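Enquirer: Based on the provided sequences and hints, a complete structural model is requested.
As you go down the protein sequences, you meet chains A, L, H and W in turn.
Taking my numbering, the leading residue of the first sequence gets 944, the next gets one more, and so forth.
Taking my numbering, the leading residue of the second sequence gets 182, the next gets one more, and so forth.
Taking my numbering, the leading residue of the third sequence gets 7, the next gets one more, and so forth.
Taking my numbering, the leading residue of the fourth sequence gets -6, the next gets one more, and so forth.
Derived from the structure by calculation, the hints contain no laboratory data.
This one's a predicted model, so the numbers in the text were calculated from it and none came from an experiment.
Any given hint might turn out to be false.
Claimed, not checked - Below, in silico cross-link-like pairs of lysine to any residue (SDA-like), each with a Cα-Cα straight-line distance of 25 angstroms or less:
#, chain 1, residue 1, chain 2, residue 2
1, W, K386, A, D990
2, H, K19, A, G1055
3, W, K407, L, I231
4, A, K1116, H, E209
5, W, K255, A, I1192
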Amino acid sequence: MTSAVWNKLSGFAPFRAFSSAIGIVAGGFLILLLLVAFFAPWITPFDVAAQNLANANAAPGWPHIMGTDEFGRDVFSRVLYGARTSLSVSATAIAISVSVGMLLGAAAGYFGGLFERAVMTVVDLTWSFPDILIALIFVAIIGPGLTSTTFAIAIAYLAQFTRLTRAQIVRLKSETFVEATINLGATPAHVVLRHLLPNALAPVIVVGMLAVGDGIVLEATLGFFGLGAQPPTPSWGAMMSSGTAQLFISPWVIIYPGVAVAATVIAVNLFGDELVRALDIRDRVRS
Amino acid sequence: MILKYSIQRLLMIIPVSLAISVVIFLIVHLLPGDPIDNLIRVGSSPEDRIALTAKYGLDQSLFEQYFLWISQIMTGDFGQAIVLRRPVADLIAQNLPYSLQLGGLAFLFSSIVGLILGIVAWASQKTWGEQFVKGFILLGSTVPGFWLALLMILFFAVNLGWFPVSGARDWTALVLPVLTIGFGGIALVARVTRVALLEVGREDFITLLHAKGLSRPTILFRHLIPHALLPVVTILALRIGWILGGAVTVEFVFGRPGLGSLLIRALGQRDYPVVQGSLLMLALAVMIGTLIGDIAQAAMDPRIREATK
Amino acid sequence: MTTLLDVRHLSKKFVSGGGPFRPVRSMHAVNDVSFSVDTGRVVGVVGESGCGKSTLARLVLRLIEPSSGDVQFEDLDLLAQKPKPMRALRARMQMVFQDPYSAIDPRYTIRNAVTEPFQVQGVRQTASEADDKTAELLSMVGLSEQLAGSYPHQLSGGQKQRVGIARALALNPALLVLDEPTASLDVSVQAQIISLLEKLRDELNLTYIFISHDLSLVKYFCDEILVMYLGRVVEALPSTDAAARHPYTRTLLDSTFDPDPKLRRTIEPLGGEVPSPFDLPPGCAFAARCPVATEKCRTELPVLRADDGHPVACHHPL
Amino acid sequence: MRNLTKLNLLSRSAMLSVGIIAMGFSSMAMAGEATVALPASELGATSYDPIRSSNLNAATSLIYDRLVEQDADQSFHPHLAVSWEESADGLSWTFKLRDGVKFHDGEVFNAETIASWIPDFKDTENAFLVAAIEKVEVVDPLTVRFVMSRPEPNLLYNLASTFMGIPGQKSYDSLGEDYGVSTAVGTGPFKLTKFEIGLETVVTRNDDYAWPSALSTNQGAAHLETVTFREIPDQSTAFLELKTGGIDVLMGVPTDFLPILKAEENVGVITMAGTGISYMPINTTSAPFDDIKVRQATALAINQKAILESVYKGVGSQANHFLIDTLPAGDVNPKLLVSFDAAKSKALLDEAGWAMGDDGVRMKDGAPLQVKLFTKNDSDLKRLTQVVQAQLKDVGIDAVITVFDSSTIRDEYKKNNHQLAVRSYDWNNSDILEWFFSGTRLGYPNVSMWTDEKSEMLKDAAMTKSSTSAERIANFKAYHEHLLSQHLFAPLYQPAQNIAFNKDTVTVPDAIRGPRFRSQTFVDIDVVK
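Expert: Structure representation (structure tokens):
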């Protein structure tokens, strides 16, 4: 019974990412993190917004296992809840970025010509700009907050997915099976939807997953500059921003959220690598 | 052939820069806020404000303002900062050396250490050495820069007292920022080097050299590394924008001057000419970096040289 | 005997460069080619690689648009067809591709690949109809129907080429363009594919255009042969035993009878320099390599003349 | 094995390079030198031109001297003017000047200097400082008379400001727009030697200095030979610099660092009265704050005592009106003072129709009492805002915080997108009331969006129709009282100025003379011998 389930699952390519020790640990961590993010409002031991100024900057101990911040709020609860903010912002941003980037990249790759040159000039230029600068300028224009942070991250990584998708489409367009399908009398829509995009999807999705890690770092950096989540909403970056002044007084306020960011991004990268291996698309994930 | 190719690419910069200048100008003027707010003082009257707005030409239409700006740029004049009250060119000239110093050292540091680590990882395939380098690469490319900077300050500057906490007074103040930026760069260079070596190592001519009985170090230094350098040089040239502008967070944490700090500060004060000028400089640096990358690629790879004939 | 395909003065010019910094350069991949194919015949097209054979195949099927010329297929003006009727017409003229490894979408099962033609042409099928059709087509090309659930990467090259043929046959075409269908296969597999194609031609009354650089194979398989050199047809052999009249055809034939079997399969490079297709000489393109060339050959372009049913483009035919 | 050796070599060379770096450390403080970190509010000066600049820092006060000096109690004292006299109608001021004063470049200071200096303000951003001076008459080489176009009781305040430090006229006229960038010539105790915009300013001792004001103990040249002013944008970085010896004096210590600094044996801390308050303006045009009852309820929800004690650990003082304690116009009718009264706040909200809902947020006509609370991206204001948010929650107001950068928030004010905000000002004069509540500046800086006939009338009286100081005080008091009666803001806190210094390297006098930490104190600072 179990072996039958196993066989069925292992036939599903992405699941093979779990076939190594690294894949199990990293993937397990990410699943746990997703659960924490989803159930955060119900599992945090303390109210993430409740202030207790009498117990501010308390060192880690019991019952505050990661200490308290300058308002006496429980750092552990805020780190748990921060997973919800960080993951949802980053994942939403990357989802937007991937969708728009695929559309732009596919259009550029399929139609070619002047349109492609215009799109790619802009894309190459923004790609060579530091993501933090793009995001900072964007947030400066539309104002701070989680929504604008999400869009800022989406814009910062748009170039990456446009480039990648275009590269995939250009490569696929020259494949014989595309010509063969046209020769059968297929419409352009059939070619793009049934052959080009499905074949370009796997590498773009995997790179997208890896980019969720970069998105978390960018969200943290924007939060550090005070432009991300608005108080009292906890996000890993925003926690470190209020913690800057506390670097010396209560280092736990910045160390724990930082560890959470680093651990998450490392897990995302390790699992992403396993996924690349499982899907056998190593050659295609580079743009 | 390379010369002709380079000139062609160099000429392309002009129309692209012009297009970029429009984008930059629009972005800057889309920003909410007004630089005049940073000039008026408690006690001045609303009329003073109107006079100031007129003084800096901010009452003119956007089209006129753009035209004025771009025609100044054509004559090499970046304009006068509104809040910072200096010629923009002076401000850039004052900050650029700090960026170049930090960026250049971080660049050198990460190239050298990254190359060595990449070679170590390649030479020690399937041993702990490779695992160590891979772990280092993973850490370097994932840890947020500002967090690393804070930890470094806490450890090396506060606890050990080896380096100053902030500023740019002498070379000791460069150590921690260079390490912070370099850490990410090392990871990038090491990863690219390792992959490039693995790929070049698989090529037939390397197998042939092995078959000819050349020693491993000879093959490594005479043949493998020169070939593997191409992607490393390319990736570094393409990242010039990152080196100059991406140091923003590190400059912020260490309180260092630089192009990134200037930009962030001017952005905060809505000092339009400064934001425009420094963004244009960054865009130019990015384009030149891309150009160098492309030319290096063309010069080193005969296949690309051929294609441009 | 009826004419299925009639090609008149077909040309294709590829333009590269352009933009502010690249001079425009053009290349005549196919240059003023005319021929016709009668129903049930097998017409071979031979020439060195880069001579325009594959471009010609794609022009005939209108997979690329010609620069000028005219194609009549089943008495229809192919180039005048609007996109929609053109897509329907494609069912009548199919192609088997040179590289079976990339001719099938790696994400499609064999069953999906074989039934895609029906889907594309809007033929509705129930699941069981599709199963039946898949089984029928697979058995027609000599494959087990158990392969229907496999993915292309699980098949051998020969098996994949059979799938490619099955896909081409699904819509009951009249004309099949075979673009070097055996070039990337082992010799033993080649023979099997050729005999399969012969069998299918007899059973289904198909017309073939067979493109190859292997003159011996063409001579074995085809009824008449077009010889191409740098985008032009230099000679049209009306039958396989007709004597070569163009010096180029003769050189091809000579190299084909080389006793070394390894050399027999490919055309060996001849002496002299092949002119760049971007920069063709005003006269005969073969003149630089031709043993009997004269000044006239270098300045005046020979036209394809059919005095006695054996057209040749040469000032000094053999 | 081969790889192991390689790595060994690598790590050994890495250690070696660390060693070389470690040897190069320079020792920190040297004889006669002090490094000072400027407070956050004084960062970003772009020039040392007091006439044209709108942003000057403490170093300016070291380069230039002023005619008069102000003390911590807001009283005025002679400096380059040894005495002065105001005519009874307020239309003429006569100043006697100090003899023997010389500029850094040798130019002599006298009545001609003043006569050529005042007109320089025309058409600059600081022209308002001398707007009431019609002309300057030279009575004799050391006597000068200002003929006024209207009485200006605020003249001494203006003359004591940093912007009225007197530059050397020869240098000022010859350098034009470049003046103050690399060269600045004054009569002050220090000369400008290096100015790197945004980074640091180095000043060296003026050895000829023999004319400090009576506010300084030292009546000769300064003790310090060199003072370096560093601009450190992040306050916690500046704090760490003090701890690690990177700086000797930290002006403007954030209050949350005080307990730690006080615990350090080698750190001296001086706390002096502040020159501004933090407050929460209420946008009177935005419902529900168009209802004066809701405004009053909101203001009464703020617990100034709790803010002072828990956020600022008792450092500083409570704010119950709009002005700092040392200003006499703040001496208003006690009934008008704003202080925490949760019961009254709740009662007022009930009266206004906002009934308490189940989730602790008040409701009216099915809509929750949810309001926008804006603040600037500044760690101190952000902290204060979060406490205000929690206090408003206690009476049933749900305040949603948005943190903006300083340019964007002004734009939001101008567009009237705001409801409540947490902000602060730094200004030790009653005319700040006009700045923040004048009907001519709605949106920004009049964030309360307040205007009515009576306020405008009282404002005009206070600003331009007072002929003596006493009259001016009375007028501003009346204006202040009217504004308080309309519940346009909630005062939050009066910060103190905290200065910390490294006791091992420098000595700083215990009592700071002057409203701010300026040249009169700097000439008394000495290095520890």
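Enquirer: Hints broken by the structure, by number, lowest first?
Expert: Per hint list: single violation, 4.
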